[in-house]
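**Student:** Sequence lines, in order, name chains A and B. Using UniProt numbering, the first residue of the first sequence is number 1, and each one after it goes up by one. Using UniProt numbering, the first residue of the second sequence is number 1, and each one after it goes up by one.
In case anyone wonders, no lab produced these hints; they're calculated from the structure. Mixed in with the good hints, there may be bad ones.
Pairs count within a copy or across copies, as identical chains cannot be separated in the list.
[Unchecked claim] Distance condition first, Cα-Cα at most 25 angstroms in a straight line; then the derived SDA-like pairs of lysine to any residue: (1) 74 / 8; (2) 54 / 171; (3) 102 / 113; (4) 129 / 174; (5) 54 / 170; (6) 146 / 178; (7) 146 / 179; (8) 78 / 130; (9) 74 / 45; (10) 25 / 112; (11) 129 / 82; (12) 129 / 173; (13) 58 / 171.
Everything numeric in this text was worked out from a predicted model, so none of it was measured.
Number of protein chains: 2
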Amino acid sequence: MPKKVDHSKRREQIAKSTWEIISQKGIEHATTRKIAEETGISQSTLRYYFPTRKELLKFAMELLKENVGVRIKKIMEKDLPVLEKLVQLLMEITPYNDISRKEMEVWFAFITHGRKEDGFDLNYDDVLKVIELVLTTLEENDLLKKNISRDIELEKLYSLLDGLAIHALFNPERYTPSYIRSIIENHLMSMVVID
Amino acid sequence: MPKKVDHSKRREQIAKSTWEIISQKGIEHATTRKIAEETGISQSTLRYYFPTRKELLKFAMELLKENVGVRIKKIMEKDLPVLEKLVQLLMEITPYNDISRKEMEVWFAFITHGRKEDGFDLNYDDVLKVIELVLTTLEENDLLKKNISRDIELEKLYSLLDGLAIHALFNPERYTPSYIRSIIENHLMSMVVID
Numbered sequence: 001m002p003k004k005v006d007h008s009k010r011r012e013q014i015a016k017s018t019w020e021i022i023s024q025k026g027i028e029h030a031t032t033r034k035i036a037e038e039t040g041i042s043q044s045t046l047r048y049y050f051p052t053r054k055e056l057l058k059f060a061m062e063l064l065k066e067n068v069g070v071r072i073k074k075i076m077e078k079d080l081p082v083l084e085k086l087v088q089l090l091m092e093i094t095p096y097n098d099i100s101r102k103e104m105e106v107w108f109a110f111i112t113h114g115r116k117e118d119g120f121d122l123n124y125d126d127v128l129k130v131i132e133l134v135l136t137t138l139e140e141n142d143l144l145k146k147n148i149s150r151d152i153e154l155e156k157l158y159s160l161l162d163g164l165a166i167h168a169l170f171n172p173e174r175y176t177p178s179y180i181r182s183i184i185e186n187h188l189m190s191m192v193v194i195d
Numbered sequence: 001m002p003k004k005v006d007h008s009k010r011r012e013q014i015a016k017s018t019w020e021i022i023s024q025k026g027i028e029h030a031t032t033r034k035i036a037e038e039t040g041i042s043q044s045t046l047r048y049y050f051p052t053r054k055e056l057l058k059f060a061m062e063l064l065k066e067n068v069g070v071r072i073k074k075i076m077e078k079d080l081p082v083l084e085k086l087v088q089l090l091m092e093i094t095p096y097n098d099i100s101r102k103e104m105e106v107w108f109a110f111i112t113h114g115r116k117e118d119g120f121d122l123n124y125d126d127v128l129k130v131i132e133l134v135l136t137t138l139e140e141n142d143l144l145k146k147n148i149s150r151d152i153e154l155e156k157l158y159s160l161l162d163g164l165a166i167h168a169l170f171n172p173e174r175y176t177p178s179y180i181r182s183i184i185e186n187h188l189m190s191m192v193v194i195d
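Full structure from sequences and hints, please.
**Tutor:** Below, the structure is given as structure tokens:
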């Protein structure tokens, strides 16, 4: 009986091999040859799933975003005080542990890659969506300070989080999970009404 | 009479060609062949000034940092109110005009390049030095809020500025000079004593 292959699982394996190569060696080493090798399949099998390298890279990026999205959804469904939930949400878009570090390395490679390769349109929208969610949640819970510009608060939080994520990525010794948390907590508290 | 070549000028020309190629095509295209071509010299002349590509890239990066340093020094020497001076200082480390945009593109390429290539040790220290200067200037002028953690304020400003710089680099239409300024001003004001 021929071995039955779960196609979506196989596509996922290929994407994971792609992340592995990108995070260890850089995106320029993520050739279809090396990705096939890392997955343990032939290049023609790889081409069956992804006719072009570009399609493969796009899928690998989308899957990564999806994974982060699932974790964010889980946090939002947790039974926690609002501010604690928002801190955990913001932590999720920084490289505070091994999984998020690897994701961030790959994401960062895609972002910088996307700038030079035509038609590979990527942006920071997914991070911005999380930031929007934080602002909206603060507003819905009547926690956002009055007399402040929502736009500017959004830009500040957005910039701070992306900057922090990059600093933590480059310097994990300095940016321990508890240090990252204290920076996030401090900034979040500066946005909320103190009662 | 043989043409007299100003060696430091020539090295500068080579560095500028390197920036040009990196900003237009990416660092992977900044080969010694293409850099020599862009400068209008032979590859052997290039090798006379820079025996290896790594030395050339290091020099190009150092010169870029030096240029930013000179502009920062000039701002600090200006006869301006302290807070205005600090806003201008912080603007200088974001891509708010064509010159700083190109520098930032090159710097960003070096930073990401530096992560993967051994022995090419680069970090964000130069931005951090500007942030330190802002904090110290606020303190010296008795403008920094009391009962706050200097370390956390430093991290927040540092993250915010780097994040903002990257967002502005990727999305110049959204981040106009006046929008960048309003974000910086708003955050700076949140750090200072209001009298």
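**Student:** Take the hints in turn and mark each one as holding or not.
**Tutor:** Here is what the structure says about each hint:
| no. | hint | in the structure |
| --- | --- | --- |
| 1 | 74 / 8 | within (23 angstroms within a copy, 59 angstroms between copies) |
| 2 | 54 / 171 | between (31 angstroms within a copy, 23 angstroms between copies) |
| 3 | 102 / 113 | both (16 angstroms within a copy, 17 angstroms between copies) |
| 4 | 129 / 174 | between (27 angstroms within a copy, 16 angstroms between copies) |
| 5 | 54 / 170 | between (27 angstroms within a copy, 21 angstroms between copies) |
| 6 | 146 / 178 | between (29 angstroms within a copy, 23 angstroms between copies) |
| 7 | 146 / 179 | between (28 angstroms within a copy, 21 angstroms between copies) |
| 8 | 78 / 130 | within (16 angstroms within a copy, 40 angstroms between copies) |
| 9 | 74 / 45 | neither (35 angstroms within a copy, 60 angstroms between copies) |
| 10 | 25 / 112 | both (15 angstroms within a copy, 12 angstroms between copies) |
| 11 | 129 / 82 | within (18 angstroms within a copy, 36 angstroms between copies) |
| 12 | 129 / 173 | between (28 angstroms within a copy, 19 angstroms between copies) |
| 13 | 58 / 171 | between (28 angstroms within a copy, 21 angstroms between copies) |
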